[in-house]
Each structure stands twice: as C-alpha cells, then as structure tokens.
Amino acid sequence: MIPDNDLPPLIDPFAEPPPGHVAGSRLERVLRAGKFAVTAELNPPDSANPEDVYDAARPLGEVVDAINSTDASGANCHMSSIGICSLLTRVGYGTVYQISCRDRNRIAIQGDVLGAAAMGVRNVLCLTGDGVGAGDQPGARPVFDFDSVSLLRAIRTMRDQGMFLSGRKITRPPRMFLGAAENPCNQPYQWRPDRLAKKIEAGADFIQTNYVYDMPLFEKFMARVRDMGLDEKVFILVGVGPIASAKAARWMRSNVPGIHIPDHVIDRVEKAPKQGEEGKRICIELIQQIREIKGVAGVHVMAYRREHLVSEIILESGVLKGRAATAGRRRHPQREE
Amino acid sequence: MYRVRLFSVRHARSLEWLYKRLENLMVALDPLFARIGYDRIEVPMAVVERGVKGLLFDCRMCGQCVLSSTGMSCPMNCPKQLRNGPCGGVRPGGYCEVKPWMKCVWCEAWEGSTRMQGGAKIHEVLPPVDRSLEGSSAWLRVSREKAGKLRESKDAARTAVAVAYPGARDNEPSSAPLAPEPPSAVNRMARR
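If you're matching them up, the sequences are chains A and B in order.
To convert, take the position in the first sequence, counting from 1, and add 232; that gives our numbering.
To convert, take the position in the second sequence, counting from 1, and add 1436; that gives our numbering.
Isolated chain B, as found in the complex (with noise of 0.2 Å):
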C-alpha cells in the first residue's frame, strides 16, 4: 500500500535496526537451515516474506533485497525499476516520471537514507537484478551468502557480477549472490 510505503521510509531508522536484528537472527539459523535443506523451506519463507515486505514496502519479490541501501524505499516500485536512481525525469515537488501522481521512489530512497545509520550505502553501484531469481526468497539468500562467505563461486557469471560490483556485494549479499541456488529458488516466476 502506497500510504505504509511512505510510512516506512519515514521511519527507515526503526526499520534499519529491525532489519539488522533480522539478519543476524537469518544468519544464526543458518546451520538449522542447512540442515532441514534451504530447498525445502524456501517456497513456505517466500509467502512470509512476502507477506511482511509486501504489507510494509510494497515488496515485488525480487529476491534480491537492498532495502538497506535504498533508505527503505523499494525500487522495484520505480516504474523504470531503476537500481541507481532517480533518472532525471522527476517532476517538480518530487513526483514521477511515469505515475505523476506518485513520489518518486528514488527521492524517497535518498531522503530515507538520510534517517539510517548505514545511510551511506546508497552511493554504492547496485547490479541488475537477476531475473530468475524473481519470486524467490531474499532472506534465505542473505542467510546463504552471509554464513557462508563465499568470495567466488563456481557460476562464472555470478563471479562477473560479484566482481564488476565488488561493494554492493559487501552490502547488500543477495544483490550478486555467489552460494549455489537451491533449486527451488531458481525461475519460480516462470514456472507459475
């Protein structure tokens, strides 16, 4: 909803500490998740995790969340669905491009970012989002990639991403993921 996506940025510090408890609370569970097999509780995490996000960010699943980077503004909600933005089309008061009548999310991103203690995580390059991996869980990717700390990965491709965009790795882990994905984890968008 776009009024608790507002709300959200508004109180993007709140939501930072939250997020990073969170994390570290995903992280932790790592060795539980492993053990029960990330393939299996992917597809009940994603309808949580699409519960929550969607009802506070307007989450679109991407499953490559870098909320911590955007000052809690999603930027899948850009119609342009821009990763380092705002795009010079910003009208007047703040307010899209594309939907006039809505602010854009980017103001809102470096605005939000302003309240966050790790605010400064917006000035690092984000990649493209990995389309297959639409519709999939984020939080189980950060708990993957963080517990494992992976530096290079067998998938040449992942590698090249890692590699081209070394510090949006380091702070947002699921935007170039390098842990294999489990396979339920790849193209669900697709297979609906």
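The following block holds chain A by itself, in its conformation from the complex (with noise of 0.2 Å):
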C-alpha cells in the first residue's frame, strides 16, 4: 500500500519520479512495486457540466489505481479525454489519457499531450481508434495520421528525447507512462503477440487489453506472450466487463468493433433468472481467473453504463487483497486553498 504522503502532489508536472520510473504515476508505482493493479474506465458525459464528470469518477475513485477517460470511443461523440482528465487531476484522481489516431493529426497530438502533462496526467493511452463509421457522425472524416504503434513512439520520442517529430527541442519533456491497447481474442489470433512485441518495440510501458471473455484463447495468447518474455517487458492489464443481458452481449458482439464474447457466455446470461446478476458474476469470476494466470499485472474494468456495479465488482473479486486503491480523490475544489 503507497502511504498518501508520498503520493505526488495534485498538479506537478515536473516532479522527479522516483528511480526507475518513467512517470512516476500512481499507476506506474503500483506496477513496479509488483501490485496487482486495477484500472477503469469512466464514461465521458454528454454534458458541460464538471460535476457530471466528478459524480462518474467518485465511485471509481475508491477502488482502482487509475481512470481511464475514454476518447470518443466507438467513434461517439462525449466530452473529450483531455478535458475529462484535465478537470480528474485538478481534485486528486490519478487518470489515464486516452488518445485516438481517429480524429486528430500530429501537431494536435503532440501538443495535447503536453497540454495534459501540464495538467498532471501521467499515464496515457495509445489507441488507433474505431472507425468512423461505427459512431454517431459517420460523415465524419477520419484522420489516423499516426497509428497507435507510430504515436508510441512519437510520445516516447517526446519524453526521453524531449523533442517534437519535428526535431524541435522540448524544453520541459512531458513525463508520461506509455500505454496502449491489445486484443487477444481477435483475429489474427498468430499475429497479436507479434503486434504487442512491436508497441513495447515502440515505447509501451503498460498493456491494456480489450475485453476478455474467452478464457482458452487468452491463456493461449498469454503462453505465446510468456515464451517471447513480453511479460517481463511490460505490464498487461486485462479487459473485463460485467454483461448487462444477453441481448446485449449480442448487440454488441455485431456491432463494436473488436468484440468477441463467446456463444457459452451468452448462453449463460440468457438461461440465468437475473441476467445483470449473472452477467456480474461472470465478470468477478472472470478477474479471479485472469489473476492466477502468469504474466499478467492487472485488470481493467470497463462496464460501459453498469459503472454502478464496478466497486462491488473489484471489492468481491478480491484483487485488491486488503490494500487501498491509490486513484484517489483528495480535494474538492470548492475546498481548495
């Protein structure tokens, strides 16, 4: 457990991490100390209202190392990532950044990553981004400029080279824990371990997986990714998420991208009496199971309009083992001095 007197202060953007960190984020710290790290995502507001943003990361705040604030995932339109993290650090939360190449270019990016460092974020993570034309505004026009693999690098390139791609010199280098995404369970199953091998190439320091519902196609992902040693390069966070029914499990399943839940998944939520109940407890299963498996560091949560069942989630699965969750919340800023 990280007593909160050595925890960062709220925003200090050029404080030393300590040795053998890159960032020095809570996240970061966790990790390296060889906890078993929880993470999850808060759902963007479709709001102006920061309220509305704190009211989303209070009950995560207590029970995960980090929050991750989504970047217009699924191509829908919400509040943007930034903004979101922006307004978590100010109050104390420690967040992830999230970034897609879907709608933004290479000056955009590299600014908005130092205007976050600015802003006390630490961790931040590295996504492609879905395609347009799963969102709300298909007419939109796609960017993808960099692809996630090619924007670790220009982040990493920015931080231990303090420079832009432009090669103009960064006085203050953001401080930043790189991280991006992975999913295991999607076709081409061969390949996804080379792919991974290829961002930690690029400057990931931590994984965080798309959802993970198919237990024996993960475990042999992971058995591949341990006889490469990617472990020992890097920190993996799973993806889970509870399953509010079947319906929509199968919603989702031909419809987001990316997403494979398995037919004996579905089957069980269906046939259950409470099928939210049962769709909880598969996930808790689900981290109990992922825990034990070699090579993995963490869990990531993402329970897309079920963030209510989060905490109960995290707290019966039993992962934190007694500890505190380090994501904190330490000032209001009403109360601020």
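Derived by calculation from the structure, the hints in this document are not laboratory data.
For glycine and all other residues, C-beta sits at the position ideal for the given N, C-alpha and C.
Any given hint might turn out to be false.
To be verified - Ranges between beta-carbon positions, derived for each pair:
no., chain 1, residue 1, chain 2, residue 2, range
1, B, 1530, A, 252, 38 to 44 Å
2, A, 250, B, 1446, 49 to 55 Å
3, B, 1464, A, 244, 57 to 63 Å
4, A, 250, B, 1603, 27 to 33 Å
5, A, 460, B, 1554, 19 to 25 Å
6, A, 244, B, 1483, 56 to 62 Å
7, A, 504, B, 1553, 53 to 59 Å
8, A, 426, B, 1447, 19 to 25 Å
Reassemble the complex: the two chains are provided individually, in unrelated frames, and hints are given to aid placement.
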C-alpha cells in the first residue's frame, strides 16, 4: 500500500519520478511495486458540467489505481478525454488519458500531450481508434495520421529525447507512462503477440487489453507472450466487463468493432433468472481466473452503463487483497485553499 | 484491383526477389539519374510507377513505399492507413472492420511476410507517412537514399523522424528519407 504522503502533489508536472520509473504516476508505482493493479473506464458525459465528471469518477476512485478517460470510443462524440483528465487531476485523481488516432493529426496530438502533462496527467493510452462508421457521426472525416504504434514512438521521443517529431526541442519534456491496447481474443490470433512486441518496441510501458471473455483463447495468447518474454517487458492489464443481458451482449458482438464473446457465455447469461446479476458474477469469476495467469499485472474494468457495479465487482473479486486503491480523490475544488 | 492485390500477397516471395533486383538497378542508376537531374525524371518515373504498382498492389502513391516490410500488401489500402497494423477491429475470418467485404490488409501483410526471406522486417516500427511526398516516386527516393548513404540531414524534421524510427529507415529508406527532395517530388497532390 502506498502511504498518502508518498503520493505526488496534485499537479506537479515536473516532479522527478522515483528511480526506475519513467513518470512516477500512481499506476506506475503500483505496477512496479509488483501489486496487482486495477484500472477502470469512466464513461464521459454528454454535458459541459464538471459535476457530471466528478459524479462518474467518485465511485471509481475508491477502488482503482487510475481512471481511464475514453476518447470518443466507438467513434461516438462525448466530452473530450483531455478535458476530463484535466478536471480529474485538479481534484487529485490518477488518470489514464486515452488518445485515439482517428480524430486528430500529429500536430494536435503532440500539443495535447504537452497540455495533458501540464495538467498533471501521467498515464497515456495510445489507440488507433474505431472507424468513424461505427459511431454517431459516420460522415466525419477519419484522420489516422498516426497509428497507435507510431504514436507510441512519437510520445516516447517527446519524453526521452525531449523533442517533437519535427526535431524542435521541448524545454520541459512530458513525463508519461506509456500505454497501448491489445485485443488478444480477436483475429488474427497468431499475430497478436507479435504486434504486442511491436508496441513494446515502440515504447509501451503498460498494456490494457480489450474485453476478454474467452479464457482458453486468452491463455493461449498469454502462453505465447510468456514464450516471447514479453510479460517481463510490459505490464499487462486485462480488460473485463459485466454483461448487462444476453441481448446487449449479442448487440455488442455484432455492432462494436473487435468484441468477441463466446456463445457459452451469452447462453449462461440468458438462462439466468437475473441476467444482470449473472453478468456481474461472470465478470468477477473472470477477474479471479485472470489473476492466476502468469504474466498478468492487473485488470482493467470497462463497465459501459454499468459503472455502479464496478466497485462491487472489484471488492467482491478480492483483487485488491485489502490494500487501498490509489486513484484516490484528495481535494474538492471548492475546498481548495 | 482487389484480386490482383491478393495474388501479389500470395506471390510475395517472387515479388520480393523482383523488388530486390529493381532496387539494385535503381541504386546503380543513381549517377545517371543525378546527371539527368532527379527533378526532371520525377514525373515520368512517377507515371510508370503508378501504372506498375497500381496494377499489382492497388498502390496509392504515398511516395514512401514499404511493401518489403508489409508482405507485399500495400498498407495504404487499409481504410485507417495503418503503417503498423492490424487494428483491434478485425472481423471473424480476417475481414476489415471498415470494409467488411475486404480481407484485412494487415492480416494479408503478416501472412505475406511469412513467405518472404526478409519477412522479419514486418516487426520493425514504421513512421507515419509524410503527406507532402504523396504522388511522388518512391523508387527514385530509394535510389537517392541508398546511393547517398546519408546519415543525417540539414532538415531537422527529417532527422528527427529518422532518429525516432531508426530500424524503419534501414529497412525502407523511403519511409524516413534524409536526402533533399527535388522540387517536383514535393506537394504534388496539393498542386493538382
């Protein structure tokens, strides 16, 4: 457990990270200390009210080590990831700033990374992003100037070499713990570990995977990952989430890109008297199974429209093993001196 | 054409062989190109290149050809134009997330690379595309780069990209070029 006085001040973008750390975020500290880390996704509001962000973060902060703020996931427009991260860091939460390559070019993204770092953001998750056609504004122009891998390398260059991709010097480089996604249960299965290796090569320090519902497939993936020695080079947080109902699961499977839910999981939910309860139970069981797999460093809970369940899921799964979560919340803006 | 493109990936090995010969030829011709002037041969060469690679690979003339690192499957045909794919949205059977009737360009790429001698190049991180080089000849760029063996450039941005993606430059010189560009090779698309 990390004592409170050991935590970095609310916003101190220039604080030296501890030895052996690249950013010194709470998530990085937990992972490097060998603890089983927990992160969760915050569903961004369709509103300009900061209270909506705080309301969404409150139940998560007590049970996770960092809150992920999605960047128009599924190409649906919501409050921006950088806006949410800025609000949350101001009151002391640990955040993961998600960047999708779909909507912004290299000029915008590199600038936003500096802006986020100045607001105290210390974790960033580099994503390619779903195609615009999956979202609520399919007529939008897709950008994809970077892909997730070249983006990782660009931010690592900003951090370690202290320069933009234009070669221009950055006087105070951003301290970022670099994350990437992986989708172990999606085709092409045989190349997924190789692409993971590429992401590590590009600069990834941690990985948050897409939903994992298919344990045999995931274990096969992890076996390959261990054979390649990748689990020694990167912290892998496995994505899980509660299924609301069999109908919702089927809809997700056919409408949200890259989601694989095996039939037997959906059948189990369908046959249960309370489908939502069963979905939650499956999620807890998955977390417990995932925790036992060698090479896994944590879990990432994505509970779209089921945020109220996150804290129960994490506490009932017992992954925190009695330690306090570190994403925290230490000050309310109104009470700030 | 989609079918020819798939054919090219199936025959990645012979095309790799052909490409190596072509590359050697282009590098050997560098003194001649330099004498004529790269600026003068840019347009005719780009026309030939567009014709040949358009037929074989559905080439989009990005000017920064990386086919030898992508199993002879052109990454510019990926709707997200990934240079390091595939993304997480691949559909069952290896089909594209955005164009479900099309085989994922990057599943093809990894498949194709297994057939190539230099297939391991696909493990190298490739830099983002320099959009100002679109429409120009990647072949001439390779001959300039390889013949010149430049290790640094006066252009800070080019040096920065080459430093950030060092392996890519070794494998695919045109993906992170350092040599000065002849005027006719830059911003061709914007001029249209």
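Just tell me: holds or violated, for the beta carbon distance of residue 426 of chain A and residue 1447 of chain B against 19 to 25 Å? Roughly 22 Å apart at Cβ, these two residues keep to the hinted range, so it holds.
Go ahead and decide if the range 56 to 62 Å is satisfied by the Cβ distance of residue 244 of chain A to residue 1483 of chain B. With a Cβ separation near 57 Å, residue 244 of chain A and residue 1483 of chain B satisfy 56 to 62 Å, so the hint holds.
That 49 to 55 Å hint for residue 250 of chain A and residue 1446 of chain B (C-beta), does it hold up? For residue 250 of chain A and residue 1446 of chain B the Cβ distance comes to about 52 Å; the hint holds.
Can you let me know if the beta-carbon spacing of residue 504 of chain A and residue 1553 of chain B is within 53 to 59 Å? Holds: the Cβ-Cβ distance is about 54 Å, inside 53 to 59 Å.
Holds or violated: 19 to 25 Å for the Cβ distance of residue 460 of chain A and residue 1554 of chain B? holds, 20 Å
Can you tell me whether the CB distance of residue 250 of chain A to residue 1603 of chain B sits inside 27 to 33 Å? Check passed, 31 Å falls within 27 to 33 Å.
Distance restraint hint 38 to 44 Å, applied to the beta-carbon atoms of residue 1530 of chain B and residue 252 of chain A: holds, 40 Å
Assuming the hint says 57 to 63 Å, is it satisfied by the Cβ distance from residue 1464 of chain B to residue 244 of chain A or not? At roughly 58 Å between Cβ atoms, residue 244 of chain A and residue 1464 of chain B fall inside 57 to 63 Å, so the hint holds.
Of the numbered hints listed earlier, not one is contradicted by the structure.
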